[in-house]
Every structure is written in structure tokens, then in C-alpha cells.
Amino acid sequence: MLVNMGRFDVVVVCRSAMGVRILAALRDLDPPAGGAEMSLATLLKGVSIQGPYAEDAPEYIPLHPSEDVEREDGWSVKVFQSSDRGDVTSLTDDSELERDVCSFPVEDLWSGLAWRLRNKSSGRPNVGFQRRHLRGVNRKFSKWLEGYLESEVEEAKKSGDLLLGVTQLHWSAGAARAFQKFGIPYIVFVRDELQFDHRDLYKSSLVNATAVCGAGQGLLDQIGAVFPLQRGAHVPLPVDYAERFGTVENVEGCREQGLASRTDSDVPRIAIIGVTPEKGYGFYQRLLPYVARVWPQAQFDVYGGGAYVEGLARFANTTCHGHTPVSEVFSSCDLHLLTVRSTGSWGRVINEAGLFGVPSVSVDIGAQPEAVGNGGIIVPAHADLQAWCEALKHCYTNRAELGHRAKEHAKVIDHRRSIAMFRSVIRDVLGL
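In this note's numbering, the protein residues as written are 1 to 432.
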């Protein structure tokens, strides 16, 4: 089915006989703006086809086939999104998605000003201008969405289907407002610091949600400490390791070749992937020169693009590489470093590092301890630079053992497990 509605898509994924229709309303799904969109797309694709509930699922081992178990039918999924970023990608182009495109811009004057007038020291967007942008675009999205939800409700009355809304990130306030107007129960995914930075704007969407999903109990605890939730549900970030990295032999061969190609095997090499104000920009400006003084042998390799990565290039112990495939990053580094400023939203790259036998050092905020597990070192949230440096040294010295543990722990975000858990959340919130 194809519905022309401007620069929004209605995407029909798969209609089953289960009598459940999932209505996902959000700014981006595919093309994705980042890992959050990739995660939700994977979950929605997963529940649109047959699969088990969490309690019936086998133990999934990354890059290995799973045993046959009883499977439930898939549910219908319809996605309402902006297409301002372009055409679908390989993320969903094998899902028989249909779409129609017209003009509804993602950004506006206020979002542009929020970026241009960002805080010079932290790099964070101007909160006032960002809030003005978010209020306006959520009103616009909600008004647009209401027209389509009205017809969805009428169709559901005729068919007897159950409706469930799903939303996340920037446009979730507008989506939730529309779901509330039509009495549609809905789930909100919290992925980052957005809702914490704009509490008044997103409070209603969270406290009225049938369930709020987050990756990790630590993140759910952070959310619940600020917003009174009806129900919190842990849904791990889904990573299809086989799709991203191939076979066990591919991963092991990549790691072996990467280490063998190094001409500085005695130099501790620490990888940092992606730098933003929330993901350590200000902290790294203090840590990197400190490590240069007290542990001069260590070298940092920073990956990703943008001004924040470039802002770290001035340190003598730091090399910036630009956007680089994760497999290349973890083929030759000794350990991985990831920190967050306030919101511990589970760094999936921690477990991708683990797949390659690379341990991580991270911070005791939100779900980060759950992501690391016993495959690395967790540093207290308010630790000083000396404690961080000692953690890096300890992780480096014990990298073989910690790397082995990290590889074992990588299964926690295997996409098959995450999809099964999401399927169970949907069943439970709808009382199936």
C-alpha cells in the first residue's frame, strides 16, 4: 500500500493474522541518522516476521546459527517518518518497504541557530533555540500524524486489530500527543540525553507511555529517577554481527592480520570512536594531555568526523583518522575507551569491540557497566584523571584476559536476543 502524504512515509512492512498493528511514528528510521534509528529499524523488522518470545528463545551466540524453537507469527508494522534525508538504504531495502516523498524539512532556522550558537567550551547546542525548534516541529508532526491515525483507528475498529504506537527521539513528543488523542497505547524508546535536556517538552510523552524502553536497567533507573513511569522495559540494542562482520573466521582473521601488521606492538594503542559533547568531548580535552604526561607511551586513535574529533587532533599523543569501519578499528587496537557526560545509554560499540576481543574502559553511569560486563574496567562517575589513567593501564596490562571476557559478553546485544525481548514487551503491554 502506498499513501502519498508529502515528505512523510507510510511504510507497510508485513501484515500477519495476529491482529496487532504497530504504528511507528518518528523523525528518522531509514535512512538512519545514527545508531538509534538502526536499532529501531532492526527491532521493527524483527517483530514483523516469525520469531520466539524471550522466554522461548535459545542462547544466541554471535556469528553462530541458533537452534530451532517455537516461533510466533509476525505483526504488521507501519512507519510514519520524514524522508528529508533521502532514499532508503540497505538497512530496510530488503523489507518490501514502500514510500512516498514530499517536503517536510527536518531542520529549520532555530535548529540552525542552536548549532551555530552552541556552547564554545562544551560544544552542546544552544538549549533555548533547540527547544524552540523542537516545540515547533513536534506540533507540526503531531498535527500531520493525527489525520492518519484517525483512519488507522477506524480501520482497527472494523477489523478488531489492536494498535500499538512506537516512537523515539526528537519527534516523540508530537507522536505521543497524537497517540494520546486517539487512545492508542504506545511505547517510547529513550536513547540519549534529549529527554533529560528538555524535560518539560518530553515529560507528557514519557509519563503517559504504556511502556518506556531503554537499553539497560541502569538507563531505566536514570529515567525513572526523573520521570514517573508506568512501566520500564529493558530492550538491548540489537546488532546483527553476522551482517556487519561476516563469519567467525572473518572476525578472527581480521584481528590476527591487524595485530600482525602493527610495527609498534609495544605501544599501548587506545581507540576512541565518535566524540560529541555528551560522549566525552570536554573530558578528553583534560584526559589526553594528562595521560601524555604520566603515561607517555600510550597513544590514542580517535575515529569519526566533525569538529569535536578535529578538536582533539592538537594533542601530541592523539591521531585522528576520520570515519573508519569498526572492523578496521578493532583489528589492531589494544583497548577501547568510551565515556559519557550524563546519560548512560549503552554504548553498542563496547560490545562490537568485545566481538574482536578488545576490552573497554567506561564510566559508571546508566547502562555502561552492563555494556562492559566483566570485559573491561568501569571507572566511578566522579573519578579524577589519575583514576582514569590507572584504569587504562590496568586494562592494557590485562588485555588478553579482559578481551576474552569481552568476547563472551558480546552476546548480550545479539539482534536475535534483542528482537525476542522486544516481542515479549509488545505482548506484555498489549496483554496478548
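In case anyone wonders, no lab produced these hints; they're calculated from the structure. Fair warning: there could be bad hints in the mix.
[Stated by the list, open to error] In silico lysine-lysine, DSS-like type, Cα no more than 30 Å apart, as pairs:
| hint | residue 1 | residue 2 |
| --- | --- | --- |
| 1 | Lys157 | Lys120 |
| 2 | Lys157 | Lys140 |
| 3 | Lys143 | Lys120 |
[As the list claims (entries may be wrong)] Pairwise CB distance ranges (calculated):
| hint | residue 1 | residue 2 | range |
| --- | --- | --- | --- |
| 4 | Asp87 | Arg199 | 33 to 41 Å |
| 5 | Asp364 | Gly253 | 15 to 23 Å |
| 6 | Asp266 | Arg286 | 42 to 50 Å |
| 7 | Ala383 | Arg71 | 27 to 35 Å |
| 8 | Gly86 | Ser261 | 34 to 42 Å |
| 9 | Gly246 | Ala292 | 33 to 41 Å |
| 10 | Val106 | Asp68 | 37 to 45 Å |
| 11 | Gly128 | Thr89 | 28 to 36 Å |
| 12 | Asp266 | Asp93 | 31 to 39 Å |
| 13 | Val153 | Asn398 | 19 to 27 Å |
| 14 | Val153 | Ala383 | 46 to 54 Å |
| 15 | Lys143 | Asp87 | 42 to 50 Å |
All C-beta atoms, glycine included, are put in the ideal place defined by N, C-alpha and C.
Cross-check of the supplied hints:
A C-alpha spacing of about 53 Å is found between Lys157 and Lys120, which places the hinted pair above 30 Å, so the restraint is violated. Straight-line distance between C-alpha atoms of Lys157 and Lys140 comes to about 27 Å, which keeps the hinted pair within the 30 Å bound. A hinted pair counts as satisfied when its Cα atoms are at most 30 Å apart, and Lys143 with Lys120 does not qualify at roughly 36 Å. Between Asp87 and Arg199 the Cβ separation comes to about 35 Å, which falls inside the hinted range of 33 to 41 Å.
The supplied range of 15 to 23 Å is broken by Asp364 and Gly253, whose beta-carbon atoms lie about 35 Å from each other. The beta-carbon spacing between Asp266 and Arg286, approximately 27 Å, falls outside the hinted interval of 42 to 50 Å. Separation of Ala383 from Arg71 is about 46 Å and departs from the stated range, judged on CB atoms against 27 to 35 Å. Separation of Gly86 from Ser261 is about 36 Å and conforms to the stated range, judged on CB atoms against 34 to 42 Å.
At roughly 37 Å, the beta carbons of Gly246 and Ala292 sit within the given window of 33 to 41 Å. For the hinted restraint 37 to 45 Å between Val106 and Asp68, the CB-CB distance of approximately 43 Å keeps it satisfied. Between Gly128 and Thr89 the C-beta distance comes to about 34 Å, which sits within the given range of 28 to 36 Å. A beta carbon spacing of about 46 Å between Asp266 and Asp93 contradicts the range 31 to 39 Å that was offered as a hint.
In this structure the hint that Val153 and Asn398 lie 19 to 27 Å apart at CB is violated, the actual value being about 57 Å. For the pair Val153 and Ala383, the supplied restraint of 46 to 54 Å holds, since their beta-carbon distance comes to about 52 Å. Taken as a hint, the range 42 to 50 Å is violated for the pair Lys143 and Asp87, whose Cβ atoms sit roughly 26 Å apart.
In terms of the numbered hints stated before, the structure departs from hints 1, 3, 5, 6, 7, 12, 13, 15, listed from lowest to highest.
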